[in-house]
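The residues making up each chain are set out below.
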Amino acid sequence: MDLIELDGVEKVFDVRRRAGLVRREKRRVRAVDGISFRVARGEMVGYIGPNGAGKSTTIKMLTGILTPSGGRLRVAGIDPARERTRLAQRIGVVFGQRTTLWWDLPLKDSYRLMHRMYRIPDARFRENLDRCVELLDLGELLDVPVRQLSLGQRMRGDIAAALLHDPEVLYLDEPTIGLDVVSKAKVRGFLRDLNAEQGTTVLLTTHDLQDIEQLCRRVMVIDHGRLMYDGALAGLHEVGESERTLVVDLARELPPVVTELARTVRVEGPRQWLAFPASQSAAPLVAAVADGYPVVDLSVREPDIEAVIAKMYAERAEP
Amino acid sequence: MRLYGVVAAGSFRRYATYRVATAAGVFTNTVFGFIMAYTYTALWDQRPQLGGYDVSQAVTYVWLGQALLMACAMMGGGFEDELVERIRSGDIAVDLSRPVDLQLWWLAGDMGRAFFHLLGRGVIPLGLGALAFDLALPGASLTWLAFLAAVTLGLLVSFALRFLVALLAFWLMDGAGVTQISWLAGLFFSGMLLPLNIFPGALGEVARALPWSALLQVPADVLLGKHTGWGLAGAYAFQAGWAVVLLGAGRVLQTMATRRVVVQGG
Chain A
1 MDLIELDGVE KVFDVRRRAG LVRREKRRVR AVDGISFRVA RGEMVGYIGP
51 NGAGKSTTIK MLTGILTPSG GRLRVAGIDP ARERTRLAQR IGVVFGQRTT
101 LWWDLPLKDS YRLMHRMYRI PDARFRENLD RCVELLDLGE LLDVPVRQLS
151 LGQRMRGDIA AALLHDPEVL YLDEPTIGLD VVSKAKVRGF LRDLNAEQGT
201 TVLLTTHDLQ DIEQLCRRVM VIDHGRLMYD GALAGLHEVG ESERTLVVDL
251 ARELPPVVTE LARTVRVEGP RQWLAFPASQ SAAPLVAAVA DGYPVVDLSV
301 REPDIEAVIA KMYAERAEP
Chain B
1 MRLYGVVAAG SFRRYATYRV ATAAGVFTNT VFGFIMAYTY TALWDQRPQL
51 GGYDVSQAVT YVWLGQALLM ACAMMGGGFE DELVERIRSG DIAVDLSRPV
101 DLQLWWLAGD MGRAFFHLLG RGVIPLGLGA LAFDLALPGA SLTWLAFLAA
151 VTLGLLVSFA LRFLVALLAF WLMDGAGVTQ ISWLAGLFFS GMLLPLNIFP
201 GALGEVARAL PWSALLQVPA DVLLGKHTGW GLAGAYAFQA GWAVVLLGAG
251 RVLQTMATRR VVVQGG
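Chains as they are written, first to last, in the UniProt record's numbering: chain A, 1 to 319; chain B, 1 to 266.
Just chain A, same shape as in the assembly (with noise of 0.2 Å):
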């Protein structure tokens, strides 16, 4: 079954802007401009796209925040913003840039004003509460109050708020944004724990493209209000025409290798690198520069999904 369906949904915004000294111009920003998609239940998706793209305009459609312009939206069969607290009950969201959590008060009076907003039975919530402090590390903190928790911190507990009253679908807004390594991968490890035990829709937005490769099977890629991609994330690069790179180390400088398969796109002494189409193959280029070159040593190198990404909306932005 279909959790999330969206059918033609718009956004429009009117910006007022002030064009002389009293004049004011009036101008229609198409934020959402006609998106259309499903999510199954238990899919983890990836909604990626530039600043300004649309991305956290959705999401707070999604929420019911927003009233969409046009088009037609449901979550777990609930139009958003109709039945907007209706829906909260059913759905969890973070906004990484953002906290839910009371500033002054120690973390584990957040959870207790959680549990009474969502009217948590107490039991079960008990038992969420200790999964998430257990798998988001979360015990040594519950007494501190939020003010004094970094950002990686803060960014767990605030994931663990969004989770007590087991919603069907979270929404991740940048979730990993501004955090440093560790605790980026300590919260993608517990996201993906989430959706493979819990069954827990996820639709995630972010700019960190590792985020959505090490998480989501599936990506959908929005610039200017449009859907410019949905599909698997392998696909994304023949969508982009991204290319593979084969770096050849040469026995001794030589002149740029030739071949009909790929083209050189740089020298350096006797390191060559090859671009071929990712879609191809890499053994008869590797079979026929080995053939005709004297080879000591050679590695693919895949397609980073970042420059795919950044093609595509290249691509686009010239109409």
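Note that these hints are calculated values from the structure, not bench results.
Just so you know, these numbers come straight off a predicted model, no measurement behind them.
Positions of the beta carbon are idealized from the N, C-alpha and C atoms, including for glycine.
Don't take each hint at face value.
[As the list claims (entries may be wrong)] Simulated DEER-style distance windows between Cβ atoms:
1. B/Ala21 <-> A/Glu127: 31 to 41 Å
2. A/Gly178 <-> B/Leu43: 56 to 66 Å
3. A/Gln148 <-> B/Arg47: 52 to 62 Å
4. B/Val245 <-> A/Gly235: 54 to 64 Å
5. B/Leu210 <-> A/Gln97: 33 to 43 Å
6. A/Arg192 <-> B/Met75: 46 to 56 Å
7. B/Val244 <-> A/Gln210: 53 to 63 Å
8. B/Leu131 <-> A/Gly178: 48 to 58 Å
9. A/Arg30 <-> B/Val244: 56 to 66 Å
10. A/Gln97 <-> B/Thr28: 34 to 44 Å
11. B/Leu210 <-> A/Arg192: 29 to 39 Å
12. B/Leu142 <-> A/Glu127: 21 to 31 Å
13. A/Gln148 <-> B/Phe199: 45 to 55 Å
14. B/Ala185 <-> A/Arg217: 51 to 61 Å
[Unchecked claim] From the derived model, a few chain B residues whose C-beta atoms are all more than 12 Å from chain A:
15. Ile35
16. Leu43
17. Gln46
18. Val55
19. Ala176
20. Leu193
21. Gly225
22. Phe238
23. Val245
[Stated by the list, open to error] Stretch-level coverage of chain A by chain B, calculated; a stretch enters the list once three of its residues show a Cβ under 8 Å from a Cβ in chain B:
24. 56 to 70
25. 75 to 88
26. 96 to 110
For this one, chain A is given, so just place chain B on it according to the hints.
Quick look at chain B alone, frame taken from chain A:
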């Protein structure tokens, strides 16, 4: 309902965390209490029975003002700055993604704060004032109860006013201007500077009819025994009427704000 109890209790503890700030506040209240009490004494010596108060009642009014200053947030200092800031920064998105009513949530928090300020910033200055001056405090515990009821209604009106002003930030994107205007209006029309009873003619009539008079003037008059019997019921009705009207207006504005408004920030 238990949720809002937890919110109020949390808010109480939150303000209780800052003990040095509370001590400094008590000191400030006390100093201002002394300055104003001496000023009032001089004024009432020249004009006895001004506004229907004798000297000791006037001085009592001063100390009540100091005791209620923070609780009723007559010079601001409640939740409103935080709410405005959350609207401005877009943090309001977090509040709106919870299964709670925005107005009740902030009301509960503000009641917790007000209760703390009533104890922390109210009782001690009033006690010190009573030691240094001859205050016209009632002996009957019923009068004190009547006073507390009036204070509670005053807190509701105070919250409702500030909630309305804070919500304007949804449209203005920066609430500093309206907050200042409302601060100034609250300072004067609550009777914090001078009792509203002493203003003659139309100015006095208008000032006493505005909602701000529910914050200090009405509770003070209840304690000073100016409202009894049906007069007391009338005073309560005046406060409750404004509370209902203003809270209702807040609900309408809240619905409008959450329906058509831009939540700022990525």
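May I ask which of the numbered hints given earlier this structure violates, with the numbers listed in increasing order? Hints 9, 11 and 12 contradicted; others consistent.
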